[in-house]
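What follows is each chain in one-letter form.
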Amino acid sequence: AQRVTQPEKLLSVFKGAPVELKCNYSYSGSPELFWYVQYSRQRLQLLLRHISRESIKGFTADLNKGETSFHLKKPFAQEEDSAMYYCALSGPGGYQKVTFGIGTKLQVIP
Amino acid sequence: DAGVTQSPTHLIKTRGQQVTLRCSPISGHKSVSWYQQVLGQGPQFIFQYYEKEERGRGNFPDRFSARQFPNYSSELNVNALLLGDSALYLCASSPLTGGYNEQFFGPGTRLTVL
Numbered sequence: 001a002q003r004v005t006q007p008e009k010l011l012s013v014f015k016g017a018p019v020e021l022k023c024n025y026s027y028s029g030s031p032e033l034f035w036y037v038q039y040s041r042q043r044l045q046l047l048l049r050h051i052s053r054e055s056i057k058g059f060t061a062d063l064n065k066g067e068t069s070f071h072l073k074k075p076f077a078q079e080e081d082s083a084m085y086y087c088a089l090s091g092p093g094g095y096q097k098v099t100f101g102i103g104t105k106l107q108v109i110p
Numbered sequence: 111d112a113g114v115t116q117s118p119t120h121l122i123k124t125r126g127q128q129v130t131l132r133c134s135p136i137s138g139h140k141s142v143s144w145y146q147q148v149l150g151q152g153p154q155f156i157f158q159y160y161e162k163e164e165r166g167r168g169n170f171p172d173r174f175s176a177r178q179f180p181n182y183s184s185e186l187n188v189n190a191l192l193l194g195d196s197a198l199y200l201c202a203s204s205p206l207t208g209g210y211n212e213q214f215f216g217p218g219t220r221l222t223v224l
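From first to last, the protein sequence lines stand for chains A and B.
So in the working numbering, spot 18 of the first sequence is number 18, and the numbers just go up one at a time.
Heads up: take any position in the second sequence, counting from 1, add 110, and you land on the working numbering.
Next comes chain B alone, as it looks inside the complex:
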């Protein structure tokens, strides 16, 4: 297993545009979470999905949305991009076995908004 994969690796957009980021979890993991990491900060929780349902949402505006597909892959969408959305977007999957919320991270997508 290649672990959690994310695409694209890098992305450059301009203000006002929309972006879609993609994530494939580790095989057998049914939970996917999204995080935003700005330079010098720890990852900030955006969403958690489990079995295609949103299970948790962080303190982000409605411009941020996500979904999970039947194969447990996930997309994060951000509309009306702002300069402040420039960050590394991390996806993490979790087996949630035994109720433990261990996160397995992907390499991230670096989003630059000009």
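If we strip away everything but chain A, and leave its shape as in the complex, we get:
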């Protein structure tokens, strides 16, 4: 069974401090991992995916297969980063169900 665990429901950091949102997963095989973000009064949208190895809005995430983790990191938090963040997992190939974690609310304190 595929499972995504986000251990923190709420993470509060001060502006300018580093951010790390944790995500651990369970999957037999090679999954696709994603981070989705939902800003206040906006729809859920893709932030980044592991296959792209890109940095979006200063966020990066590295897939660690040994620890089955896909933590989201940003060196310096900004107030506009305050949002709900969801880690998600899918099997490879596209025709697979997408499993979401429970979400972590990031609150950046000015």
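Some hints here could point you the wrong way.
As the list claims (entries may be wrong) - Covered stretches of chain B, going by a simulated chain A footprint (3 or more residues, C-beta under 8 Å): (1) 147 to 158; (2) 214 to 224.
Stated by the list, open to error - Label-pair distances were calculated between CB atoms; the ranges are: (3) A:E80 x B:P205: 24 to 30 Å; (4) A:F14 x B:S175: 46 to 52 Å; (5) A:Y39 x B:R132: 24 to 30 Å; (6) B:S175 x A:G16: 30 to 36 Å; (7) B:E163 x A:T5: 29 to 35 Å; (8) A:S55 x B:L193: 39 to 45 Å.
Don't read these hints as lab results, they were simulated from the structure.
Even glycine gets a Cβ: it sits at the ideal position worked out from N, Cα and C.
Assemble chain B onto chain A, guided by the hints.
Frame of chain A; chain B shown alone:
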């Protein structure tokens, strides 16, 4: 493109009734997925349709059904509504180009069952 659209925005039903939710994907996207999101939880996968065929089904009872039309729009039907069906229902479309399952979400339909 307005992105993924869903209708209605809000819906109130009573137990035992049936409901139909509608979704129009982004132009060119052939895959539509449905999710249920209850308060305080992440989206839970219900169905994925691609080229009008069901490609995936989550752990939901048979009261939940869906279909996809030739124009790739989709409907989600829920029969014999229960109080526990109250949730935000999200539709997402995906181009599935290159095999990547990136989801583009609609704003959702808020269903309240009384």
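Each hint, compared with the structure:
1. 147 to 158: holds (count 7)
2. 214 to 224: With 5 residues closer than 8 Å to chain A, the stretch 214 to 224 of chain B meets the three-residue bar; holds.
3. A:E80 x B:P205: 24 to 30 Å: Roughly 28 Å apart at Cβ, these two residues keep to the hinted range, so it holds.
4. A:F14 x B:S175: 46 to 52 Å: holds, 48 Å
5. A:Y39 x B:R132: 24 to 30 Å: holds, 25 Å
6. B:S175 x A:G16: 30 to 36 Å: Check failed, 50 Å falls outside 30 to 36 Å.
7. B:E163 x A:T5: 29 to 35 Å: Holds - the Cβ-Cβ distance for E163 (chain B) and T5 (chain A), about 32 Å, lies within 29 to 35 Å.
8. A:S55 x B:L193: 39 to 45 Å: holds, 44 Å
Comparing the model with each numbered hint stated earlier shows that hint 6 is the single one that does not hold.
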